[in-house]
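Asks: Here the protein sequences line up with chains A and B, keeping their order. Here the working numbering runs 56 ahead of the position in the first sequence, where the first position is 1. Just so it is clear: in the second sequence, position 231 is 217 by the working numbering, and no numbers are missing.
Please note: incorrect hints may appear among the correct ones.
Claimed, not checked - Just the calculated beta-carbon pair ranges, DEER-fashion: (1) A:Gly604 <-> B:Glu148: 39 to 49 Å; (2) A:Asp278 <-> B:Leu168: 18 to 28 Å; (3) B:Asp385 <-> A:Glu586: 39 to 49 Å; (4) A:Asn188 <-> B:Glu148: 50 to 60 Å; (5) B:Glu389 <-> A:Ser359: 46 to 56 Å; (6) B:Glu389 <-> A:Asp315: 45 to 55 Å; (7) A:Glu603 <-> B:Leu168: 30 to 40 Å; (8) A:Glu169 <-> B:Arg13: 53 to 63 Å; (9) A:Lys388 <-> B:Leu168: 24 to 34 Å; (10) A:Gly322 <-> B:Gln145: 45 to 55 Å; (11) A:Ser637 <-> B:Glu148: 26 to 36 Å; (12) B:Gln145 <-> A:Ser360: 46 to 56 Å; (13) B:Lys26 <-> A:Phe591: 49 to 59 Å; (14) B:Asn43 <-> A:Ser637: 12 to 22 Å.
Said to hold, decoys possible - So the derived list for chain B, only partly shown, Cβ under 7 Å to chain A, looks like this: (15) Tyr29; (16) Tyr61; (17) Lys100; (18) Ile108; (19) Glu158; (20) Ile161; (21) Pro164; (22) Leu168; (23) Asp396; (24) Pro397; (25) Val402; (26) Ile418; (27) Asn420; (28) Asp422; (29) Gly434; (30) Lys435.
What the hints assert, rightly or not - Chain B is nowhere near these chain A residues, computed Cβ spacing over 10 Å in every case: (31) Val148; (32) Ala231; (33) Glu237.
Hints in this document: simulated from the structure, not taken from any laboratory. A quick note: this is a predicted structure, and the numbers were derived from the prediction, not measured. A virtual CB, placed ideally from N, CA and C, is assigned to each residue, including glycine.
Residue-level listing of the chains:
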Amino acid sequence: MIYPKRYDVIVIGGGHAGCEAALISARLGVKTLMLTIFLDSIGAMSCNPAIGGLAKGHLVKEVDVFGGEMARNIDETGLQFKILNKSKGPAVWSSRAQADMTAYKLRMKYVLEHQENLDIKQETVDEIVAENGKVIGVKTHLGNEYLCDSIVVTTGTFMKGKIFIGLNEYRAGRAWEPPSEKLSDSLRALGLRVSRLKTGTTPRLDARTIDFDALIVQPGDDEPVPFSFKTTKFNRPNMPCYLAYTNETTHKIILQNLDQSPLYSGMVESVGPRYCPSIEDKVVKFFEKKQHQIFLEPQDENSSEIYADGLHTSLGYEVQLKFLRSMKGLEKVEIMRPGYAIEYDFVDPTQLKHTLEVKNVRGLFLAGQINGTSGYEEAASQGIIAGINAAFYIQKKEPFIVNRNEAYTGVLIDDLVTKGTKEPYRMFTSRAEYRLILREDNTHLRLAKKAFDAGLMSKEQYLLIDEQKKKIEETIKKLKTTYVFPNDRVNKKLLELGSEIIKTKTDLAKLMRRTEFNYDKLRELAVGLEDIEPFIKQEVEIDLKYEGYLNLQKQQIEKFKKYEDMRIPEGFDYNLVGGLSNEVKGKLMEIRPTSIGQAGRIPGVTPAAVAILVVHLKKVNDKRIRNTA
Amino acid sequence: MYDDDIIAAIATGYAVAAIGIVRVSGRGSLEILEKIFTKKPPYEHRKIHYGHITDSNGEVIDEVLVSVFKAPNSYTGEDSFEISCHGGLSVLNFVLERVFEAGARMAQPGEFTKRAFLNGKIDLSQAEAVEKIISSKSKRALFIAQRQLAGKFSSRIEQIREKILFLMAENEVIIDHPEEDLSFVETKEKVNMLVDIKKQLKSILKSSQYGDMIFEGVVLAIIGKPNVGKSSLLNILTGTSRSIVTDIPGTTRDVVSETFNIKGIPCTILDTAGIRETNDVIENIGVQRSKKALKEADIVIAMFDASNGLDERDVRIINYAVKYSNKVVGVVNKTDIKKAKFRLPFDKVVEVSCKNEAGIDKLEDTIADLVINLENDSDIVSLNANQKDSLKKGINICDKLIEDFQRGVDPALIGVDFISLADSLDDIVGKISNEDMLDTMFKKFCIGK
């Protein structure tokens, strides 16, 4: 039947991308429908029971500022919280939490179910229906046709998903959930290039059969910090993880049984992530390493299932059991679910715009693993951007584009649509050119205005953040204009504080730049400096201590923006540009960059080619101006 | 791409010519002029200013005329100036390098014209030409760069690149994978690697000076005791060459004096003044001066008198030559009077008679052979001024990074300095992208939590 209710936006999939896309679209006031294969798996964590981590923590916080749910959800369901890299500089601090994955998905489902404008249905989408280059609806396996104006596809690993355990293979989207067999054919029919990627997961172990006393305890931080800037009440447990090690016996078992690995026997040919290798890969490629770390993480506060991080494997069940039991503390371990490798269809993301809309099909947006990424956080950040833009498309608003200089989300999307990916793409802090500015601690400060202007943040929230920002600026100004003099009291105090004496009149900002100084020490030195809330102190310290480097990055951003602002008109004909090689022309015509800056980031487009483009664009512009004059 | 940062280039091309022009353009370019020019502002628009270009120590590089053009009434539409130097590519290059040192960068192919167009100084039809210029010039630049990297030199470059990539990758592992059980190179070892990179960069810079010899001229020195015939030989060498290109009286850089060709290779003779003085260089002007000449010369011609045996002064000259130079040609003069009865400890020895101009051809061949052998030597590279500037910047950043590691600076900041290092060496070791860094990271480090 043609379903009687008509939707503005249909989101296909209920994973981390789908949840954010559906929620934000509904929150922006457009009629939204989520269609998912299995309702009980909404917000499911297919792999590790954790949110955040290096560079991923940044993404979670950005999603939070853009009106997403991931940060709030983990703040309500986390089992331990930790800030990684606390001993290093603030630019690379990263939040991570272990999640109660059952509680996590139940709360996410609850939030979706209580969202106005959002319907949720369990159906498998077989086909996307488009007319005249525009989507008009979807067809499901039950024979229903839903009409809509925009679609966000977030299929994760489900399109033609195939699981491998040893030499056995199964069709599944995630451990024994049915895959989506037809949808990628429909995408192909719409003209999209689809290929295969691979990833894997680890065995889940029974806690009752693990000797935890033989392992190293790894608790979270004593004073946990929530992810969301909106979280006020925060009281979560601190459940430990445990560290185990493989040994030479483990490695021997694995090496002797490589013929049982679909990855080594040639059954799986697609590319897996290099940063998340299987234990087979680790043992083979780093033969000289005598042991590898295995992190045993709780999956659920009320369940015995333990996730064995670091043990991604697709070896057969028997081999998995054998090598697990060779490890100290796991001698008697029982497997509850085996590890497996999974192969799935993904769409070459260079076919997308920065809004995550498909270039050739109006109203069709893709987000998450379908775009070749990996990770819940990468999925969520794309989900929210796709959801916002799907809603704005309906509302005929300007697209919402996040740039590389603004957020990790911007880096992620720009990398995908400009360079594509050959392996499941994961975020790293090194991918962000302006890493010192794009920090976790200042996420809400740097993105509040953008979020508020786009209607993604309430005025109350925005004003609060703005207040913080002003306070930080005022304090910095004050420190720069408050002086101490080289008298006995000051120099005695400086020595007491473990610093060096001053010889001339010195402003407090300058003292702050000394490694050993912080705001509280300045207060001991300069009478009358008021106490301020810890967050403001921290930001002031970071801004002053990093000032030289921050200014350098600010200058680089100005330069970057200049090139981003040189727009290339849609439909620009590269054949008219003399002096470009055919190879460069081909690349430009394929990616269709929107700016000179983006053109320069396309692999293979040389600086000389970019220079030619700049000149040509100016020529075209001049001609237009002359003709209209 | 269009920046208004300051660019510079030799505007008169690389052919041997009597005068040459270095052109500089960009916002703030006149501040650069102020730094390097003995005449201080005001610099009037469209006026020619006389003075000297000096190095950072205030030593004069060349006596020049500078034409100043202010925005928007210049070729590019920006503040700009042109330095007319006395010819000789080495002088032009010294001046250009000085301009870089003061803050300019090498102009891209066609960049002056591009700016002129973008600032509305030339019209559409000319712009068509600009596209062609950029594309043809960059093709040529690419050809030259590829040729250079194709040689054995590329393996040295590859080693530097690998070291930088390794250090970058390790720094990023420390940042992005804090929970991995990995052993890292000790700080001391990292410092050693950086010292080594620096050493390599310095050595390339030095090799490039040999390279310059081929492209920009060979520097010769003639040494020998009084009346051995240095002056005659000089006259023959410069006289027989068809083109005495320039003679710059009053140049304070005593290294540059006369340029001529030997078998088509541009040559200059060091310390002609010293040679032309009738008195002995070594004894009267001083040992220091001849040592300096020996060190600075690419090829040393050590002259001896066949009509007399070797005396104590000859032996001293032989010792100096062996000690301070590795390219010595022994010349035994006055063979018209008597055949030599002695052997010289040099690989190349040529007998000549300046009086009859006998053996000169053979001498020229010997010198040319030496130069050509140098060219085939894998250690020799020819770098443009921009690449040399890159090497110098790279060396400085190595120093900064060494300090960073010794002080235990935050890895996030070290990361910024590594990116500067990679960027500055872009035209030496090739572009180092984040993907390259990640490739190294996953190859060298077992990551997989």
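Asks: When the hints from earlier in the document are held up against this structure, which numbers fail?
Replies: Those not satisfied are hints 1, 10, 14, 15, 16, 18, 22, 26, 28, 31.
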